[in-house]
Structure formats: C-alpha cells, structure tokens
Amino acid sequence: MHPVRKQRLIFVLFIITAASTAVALMSYALRQNINLFFAPSQIVAGEAPVGVRIRVGGMVVEDSFKRAADSLDASFVLTDGPGQTRVYFSGILPDLFAEGEAAVAAGVLAEDGSFMASEVLAKHDENYTPPEVADAMKKAHEANQ
Amino acid sequence: MASFYQWFHRMGSPRWFYEKSGRWLPWLAAAAFLLIGTGLIWGLVFAPEDARQGNSFRIIYIHVPAAFLALAGYYVMAVAGAIGLIWKMKLADMVMKSAAPLGAALTFVALFTGAVWGKPTWGTYWVWDARITSMLVLLFLYLGVMALQHAYNSLDTAARASALLALVGTVNIPIIYKSVDWWYTLHQPATIKLTGAPSMHPDMFRPLLLMILGFYAFYALVLILNTRAEILHRERRTGWVQSLSE
Numbered sequence: 001m002h003p004v005r006k007q008r009l010i011f012v013l014f015i016i017t018a019a020s021t022a023v024a025l026m027s028y029a030l031r032q033n034i035n036l037f038f039a040p041s042q043i044v045a046g047e048a049p050v051g052v053r054i055r056v057g058g059m060v061v062e063d064s065f066k067r068a069a070d071s072l073d074a075s076f077v078l079t080d081g082p083g084q085t086r087v088y089f090s091g092i093l094p095d096l097f098a099e100g101e102a103a104v105a106a107g108v109l110a111e112d113g114s115f116m117a118s119e120v121l122a123k124h125d126e127n128y129t130p131p132e133v134a135d136a137m138k139k140a141h142e143a144n145q
Numbered sequence: 146m147a148s149f150y151q152w153f154h155r156m157g158s159p160r161w162f163y164e165k166s167g168r169w170l171p172w173l174a175a176a177a178f179l180l181i182g183t184g185l186i187w188g189l190v191f192a193p194e195d196a197r198q199g200n201s202f203r204i205i206y207i208h209v210p211a212a213f214l215a216l217a218g219y220y221v222m223a224v225a226g227a228i229g230l231i232w233k234m235k236l237a238d239m240v241m242k243s244a245a246p247l248g249a250a251l252t253f254v255a256l257f258t259g260a261v262w263g264k265p266t267w268g269t270y271w272v273w274d275a276r277i278t279s280m281l282v283l284l285f286l287y288l289g290v291m292a293l294q295h296a297y298n299s300l301d302t303a304a305r306a307s308a309l310l311a312l313v314g315t316v317n318i319p320i321i322y323k324s325v326d327w328w329y330t331l332h333q334p335a336t337i338k339l340t341g342a343p344s345m346h347p348d349m350f351r352p353l354l355l356m357i358l359g360f361y362a363f364y365a366l367v368l369i370l371n372t373r374a375e376i377l378h379r380e381r382r383t384g385w386v387q388s389l390s391e
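The listed protein sequences derive, respectively, from chains W and S. The working numbering numbers the first residue of the first sequence as 1 and each following residue consecutively. The working numbering numbers the first residue of the second sequence as 146 and each following residue consecutively.
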C-alpha cells in the first residue's frame with residue numbers, strides 16, 4: 001500500500017477508535033441514566049430516589065391485579081424475580097396490559113416503597129405466535145402442572 | 146489479489162461503473178418487485194395474526210426491513226466515505242452522497258412505523274428509551290451528512306467533512322443493535338437473532354425474510370440509481386456523458 005494511503009487508513013482507524021472509546025466511557029458513566037426504568041429489586045434495595053418522577057418496569061404478578069368497583073383506581077405488583085413493588089394507578093390501561101406480561105409504570109416512589117403511577121405502558125416481548133399455537137402452548141403448559 | 150486490485154481501481158472510474166451498473170438495474174428491479182410484492186401479500190393477507198397484538202403486529206413487515214437497511218446502509222455510507230478519504234476515489238464520494246438521503250428515508254420509515262405500532266401496543270407513540278433515542282440519533286447523522294454535502298462549494302471538502310462525520314457516527318450502529326440488551330428499554334429485544342432460531346412462528350417469519358431480502362434489493366437498486374444520477378451530474382461536461390445524449 002502507498003505510504004500516504006496507509007497514513008490515511010491509520011487516520012480513519014484512529015477516528016473510529018477514538019470515537020468508540022469516548023462513547024463507551026460516556027455510556028458507562030451514564031449507564032443508570034440510560035436505563036428507561038428501575039427494576040423492582042433496585043427499588044427494594046433503595047437505589048431508586050424517593051419523591052422524584054421515575055419509571056419502574058417488570059412482570060405483572062399473576063392474581064395481583066385489583067380494580068376498585070366504583071372508580072378507575074387499580075393496583076398491581078411488578079416483579080423482576082428478587083424484588084416486588086406494588087403500583088397504584090388511576091386511569092385506563094393499555095390493551096396489552098395483562099397479568100404475567102411485562103409493563104412499565106411512570107410515577108413517583110413513596111416512602112413506604114409503593115409506587116404512585118401516572119402512566120402505565122405495556123411492554124411487548126420479542127415472541128410472535130399465531131392464536132392457535134398460543135392456545136396449544138397454554139394447554140400443554142397447564143397439562144404439565 | 147492482483148485481479149481484485151484491478152477490479153477495485155476500475156470501480157473507481159465513474160464511467161466504467163455507469164456502463165456496468167446499467168446492466169444490473171433490470172435484475173435488481175425485478176428481484177425487488179417480486180420479493181416485496183410476494184412478501185407484502187403473504188405477510189399482510191395470509192400470515193396468521195399474533196395471539197396478543199392481533200393484526201397490528203403486521204407493521205413488522207415494513208418496520209424491521211426498513212430498520213435493517215437503515216443500519217446496513219449506514220455502513221455502506223461510512224465505508225464509501227473511508228474509501229473516498231483513503232484512496233481519493235471519486236466514485237466512493239458519490240456513493241456516500243447518494244446513500245445519505247436513502248438511509249435517512251429508511252430511518253424515518255422505521256421510526257414512524259414504530260410510533261404507529263407503539264400507540265396500540267405500548268400505549269404511547271414515543272418514549273425516550275435507548276433503542277428509540279439511538280435510532281433518532283441515526284436519523285440526525287444521516288441528515289448531518291446530507292447537510293454537510295451542501296455546506297461546501299468544493300466537492301472534495303464536502304466529501305472529506307461528511308466522511309469524517311459518517312465515520313464518527315459508526316459508533317452508533319452497534320449501540321442501536323445492542324441497546325435492547327445493554328439497558329432496560331421499552332423496545333423488545335431482537336426477534337431475529339444471528340445465532341439461534343427466530344422467536345417467531347415460521348408462518349410469520351417466512352414473509353418477513355422475503356421482505357428483508359426485497360428491501361436489500363430495493364436498497365441496491367435505489368443506491369445505484371442515485372449514484373448514476375450523481376455521476377451524470379458531476380461528469381456532465383465530459384465527452385462520454387455528452388455522447389450519451391446524442
């Protein structure tokens with residue numbers, strides 16, 4: 001390779017390396033801020049700030065959903081395995097919100113560890129199945145238990 | 146190796162590329178038309194609906210191929226920019242310039258279809274999570290390259306400035322790709338994986354695969370058409386271009 005071209009090639013590689021290093025250090029320093037939400041185990045461990053607007057995300061625990069008979073007040077428990085957080089919300093939930101599925105709630109964490117949400121979003125997973133297959137899988141799962 | 150270098154240097158001649166690529170166009174157009182046509186009808190009409198999302202999942206047949214090519218197209222643009230910087234190859238500069246608006250359009254399509262799908266699925270059009278934000282940064286990178294191309298009177302300075310921006314921006318591509326694994330995001334992780342089977346039923350996945358291949362053919366077709374237009378514009382005063390119109 002011609003020496004001038006080689007020098008330019010080294011220059012190009014240097015730019016890419018320098019930019020990658022800068023961005024890697026930056027995103028490492030800001031890693032908590034880049035996360036869209038806190039996991040319930042982080043809230044239990046006291047890592048989430050109280051009284052400011054944050055988001056919490058996890059799986060909606062089966063049979064934890066409660067809806068008031070006379071209003072839109074609802075509550076449910078989010079879990080990521082080790083931790084659990086009860087979320088209170090008043091309003092209309094997204095169509096895909098369901099127990100056993102993931103959800104992200106935005107709101108304020110109270111002193112007692114419960115979460116007052118002003119917005120609830122459903123989080124979809126990466127799996128796509130036709131209804132018949134989903135039914136068959138559900139039946140097979142129930143038969144196993 | 147010697148023949149590769151010969152081919153590489155011949156590719157640098159806009160005239161040679163113009164004459165060669167003219168013969169590829171009908172094949173690319175036919176492939177894109179057939180693949181996208183079949184994929185769309187198969188995906189939108191015959192593929193089964195999703196158990197949870199119903200029919201709204203069908204936006205995947207546009208969203209995922211557009212996002213794929215928005216990312217792959219950025220590498221095309223950055224590699225062309227690097228070749229232009231190192232070898233001072235005029236054709237590479239023209240390819241880089243032609244790739245920018247095409248990539249910007251595909252990125253916009255991916256963001257727009259994502260927002261349309263997000264409303265019924267998540268309950269919101271937009272959320273500032275790592276995947277969506279880094280995709281927006283990609284759109285701005287494409288727009289930045291387009292703006293730099295028009296910011297200089299000298300073609301060489303414009304090419305050098307936008308190649309530098311394109312190269313710095315390559316950092317963003319692995320970030321977009323891995324953002325759903327590295328951080329908590331609302332966007333779901335990848336359905337199509339490099340290793341392992343896709344987490345999607347084969348009846349839904351096959352039309353998606355056709356659409357992705359079709360988008361690749363479409364991308365190649367539009368990129369070559371854009372580049373040919375750029376060649377004609379820049380070489381309009383040369384004898385071979387003038388003889389084309391005679």
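Treat the hints as calculated values from the structure; they're not laboratory data. Hints are not guaranteed to be accurate.
Said to hold, decoys possible - In silico lysine to aspartate or glutamate, EDC-like type, Cα no more than 20 Å apart, as pairs: (1) W:138 - W:111; (2) S:323 - W:62; (3) W:6 - W:63; (4) S:338 - S:326; (5) W:66 - W:47; (6) W:138 - W:62; (7) W:138 - S:301; (8) S:323 - W:125; (9) S:264 - W:62; (10) S:235 - W:99; (11) S:233 - S:326; (12) S:264 - S:375; (13) S:338 - S:348; (14) S:235 - S:391; (15) S:338 - W:99; (16) S:264 - W:135; (17) S:338 - W:119; (18) W:139 - W:47; (19) W:138 - W:70; (20) W:138 - W:112; (21) W:139 - W:95; (22) S:233 - S:375; (23) S:264 - W:119; (24) S:264 - W:63; (25) W:66 - W:119.
Computed from a predicted structure; not experimentally measured.
Okay, the hints, checked on the actual structure:
no., hint, result
1, W:138 - W:111, "39 Å, violated"
2, S:323 - W:62, "30 Å, violated"
3, W:6 - W:63, "65 Å, violated"
4, S:338 - S:326, "12 Å, holds"
5, W:66 - W:47, "27 Å, violated"
6, W:138 - W:62, "15 Å, holds"
7, W:138 - S:301, "62 Å, violated"
8, S:323 - W:125, "16 Å, holds"
9, S:264 - W:62, "25 Å, violated"
10, S:235 - W:99, "59 Å, violated"
11, S:233 - S:326, "38 Å, violated"
12, S:264 - S:375, "40 Å, violated"
13, S:338 - S:348, "17 Å, holds"
14, S:235 - S:391, "25 Å, violated"
15, S:338 - W:99, "27 Å, violated"
16, S:264 - W:135, "26 Å, violated"
17, S:338 - W:119, "32 Å, violated"
18, W:139 - W:47, "40 Å, violated"
19, W:138 - W:70, "33 Å, violated"
20, W:138 - W:112, "37 Å, violated"
21, W:139 - W:95, "23 Å, violated"
22, S:233 - S:375, "17 Å, holds"
23, S:264 - W:119, "13 Å, holds"
24, S:264 - W:63, "26 Å, violated"
25, W:66 - W:119, "17 Å, holds"
Consistency note: the structure conflicts with the earlier hints numbered 1, 2, 3, 5, 7, 9, 10, 11, 12, 14, 15, 16, 17, 18, 19, 20, 21 and 24.
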